[in-house]
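S.K.: So the chains spell out like this:
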Amino acid sequence: MAWTKKILRVNLTDGVIQAEPLNMEWAQQYLGQRGLATRYLVEEVDSQVDALSPENKFIMATGPLTGTMASTGGRYSCITKSPLTGAIACSNSGGFFGAEMKNAGWDMIILEGKSPTPVYLYVEDSEARLIPADDLWGKSVWATDEEIHKKHQDPQIRIACIGRAAESGNLFAAVVNDLHRAAGRSGVGTVLASKNVKAVALRGTRGVGNLKDPMRFMNATFEHKQVLAANAVTGAGLPTYGTQVLMNVINELGALPTRNMREVRFEGAHSVSGEAMHEPRASDGKKNLTRNGGCFGCTIACGRISTVDRTHFSVKDKPQYWGNSGGLEYEAAWALGPDTGVDDLDALTYVNFLCNEDGLDPISFGATVAAAMELFEDGVLTTADTGGIELKFGSAEALVQITELTARGEGFGKEIGLGSKRLCEKYGRPELSMTVKGQEFPAYDPRGIQGMGLTYATSNRGACHLRSYTVSSEVLGIPIKTDPLVTDGKPELVIAFQDATAAVDSSGLCIFTTFAWSLDNIAPQIDAACEGDWSVEKCAEVGARIWQLERDFNMRAGLTGADDTLPKRLLKDAANVGPAEGKVCDLDAMLPKYYELRGWTTDGQLTSETRQRYGLPS
Amino acid sequence: MQITLKLYAHLGDLLPANSKQNKAEIEVPESISLNELIDRFQIPRPMAHLVLVNGLFVCDRDRDQPFALKPKDAVAIWPPVAGG
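Each protein sequence line maps, in turn, to chains V and F. Residue numbers 1 to 618, in the working numbering, belong to the letters of the first sequence in order. Residue numbers 1001 to 1084, in the working numbering, belong to the letters of the second sequence in order.
Bear in mind the hints are in silico, worked out from the structure with no lab data behind them. Treat the hints with care, as some may be off.
Where chain F lies over chain V, by a calculated footprint (3+ residues, C-beta under 8 Å) [unchecked claim]:
hint: 1; segment: 243–249
hint: 2; segment: 462–473
hint: 3; segment: 522–529
For every residue, glycine included, the Cβ atom is placed at its ideal position computed from N, Cα and C.
Start from the sequences, fold in the hints, and give me the full structure.
M.R.: Have a look at this one:
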């Protein structure tokens, strides 16, 4: 079974908290976490509501394998309507919070309405209550975490909370759990702030049982952990270098978006790479990287724990930042580095700390700063707008200054908090926003990796690499190598990745397992844990159903096929160097076939046959 | 002729001493194959997973025959890695 079969429903408006049974019919169709919570959102929320109104709901959801002995089984997701995109938001995080929620006995927590005053939700197994948080409002994630632990005198409480960025209305604010793991994308933290909820704090002591066949589950998880351990990527590459090993790969490939995606190679890439994090610093001989770290139950441990050089200008007078904290992952390092033209590893590490401390999505933040830098260099923004900051590409000082302001929601940082799309529109240069559906791009230029262009254009949550990571195939050769510069076969590839990813995101497992595992490895673990028949085919079908349901939510929200596009810069301006020199992203060569394979009309709407095939709600 | 050899992740240890930023300028004969280059630097072949010449991927089957390298070409090699 693995599901606890229980939902905690919290009405914030009137303070009523109730337990209710999980809809097991839906669980068979949508599995858990991303898929199942989307089904609840579709049922309970009008997709056209204002994302920051009390009518929107905020769901924290685990998967059936969350909190079990399966490797990486510590994931949870935040599902809601996004204030950044107006589309569905589903943001996934690791750490220990998800497993704690499951150990407390809950598959999901649904927050609805709006509290009249700031509160935090405290859950201890079956007991749950709302606690005033007036004293926590205005505090950072890190300070809030410390205060709640002190208040309850329990170091084992796991906390997910928002920082000052979300409180200030920043549209890409994250929910941060366990100090430096984040449900980062699409402004899920902003929705929590709109409900006057500062944090969710959990203590679970029950363990996770309810397994369909415990012995088979134990054997299956053991067998597939061996696969992870023996694989060169999950057994050695990721623990040693983390995701940051990609910095030099993608740069060499000529697909590293640089200076607001004007260029595709960054001359300073090596200085901010995974390899550079292993090099001793000149000042104290220490490396940026202290050690790797793992989330609950993870046998990969790709996380980075880093320090900033104490003599660096960003922290020399701030001893509170001299210790170890969450280090740079590739996407964050790219957005804060190459996309802003900054090649200062210590500055990037400090800025990354601030993103964790006050709950900023570093991808959207860095990409919005990059757009602002282009506006500044074009003379559209001046120091009169920025409060005196010389917001030039390559300036580590400017990056540090604007991060401190954005984290606190002050000065020009409030403007950055609009996100790239609204910022560029406000200043009359919408074409400088590198976004899809209002969400900023991650770290792969689709002129050099064509499949990622289709991935971004069709992603249900706006530009995102984690909806179908075709980089795996097009660049890294996992599971098979495909040519990144061609469009043939990419619609099929993108759909296969989208569906498999939706299934994995609904299981409680981490998508990084798929560098070694396919559904052939994952389905037997789900099947041993969960009632019903969970074959590879059923998992793939569930993934496809989830994709269609998310699309349906977006179409009802008012999005159309016209939103499945890319910025003109990527469609019209050819790459200037590297293997993709002279190429644009040829989206038109991929999108019609993609629609056809998805069972959509030529303008991207679900057909009645498709709705019927997947049993979507009417 | 002189080319640039770039070895990343833990392959960086196989570069000549005093190499910086995971790269070194090296002399190679014009007729060298990529596998000969890989062997010369004692890179276990299964660890030469991702091989790019000037950013373009070269698959396994094309690594045995003489590769038409030109002066100043960049050969970059990674073991199996991933991220995201």
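S.K.: Now tell me, hint by hint, if it's right for this structure.
M.R.: Each hint tested on the structure:
no.	hint	verdict
1	243–249	holds (count 6)
2	462–473	holds (count 5)
3	522–529	violated (count 0)
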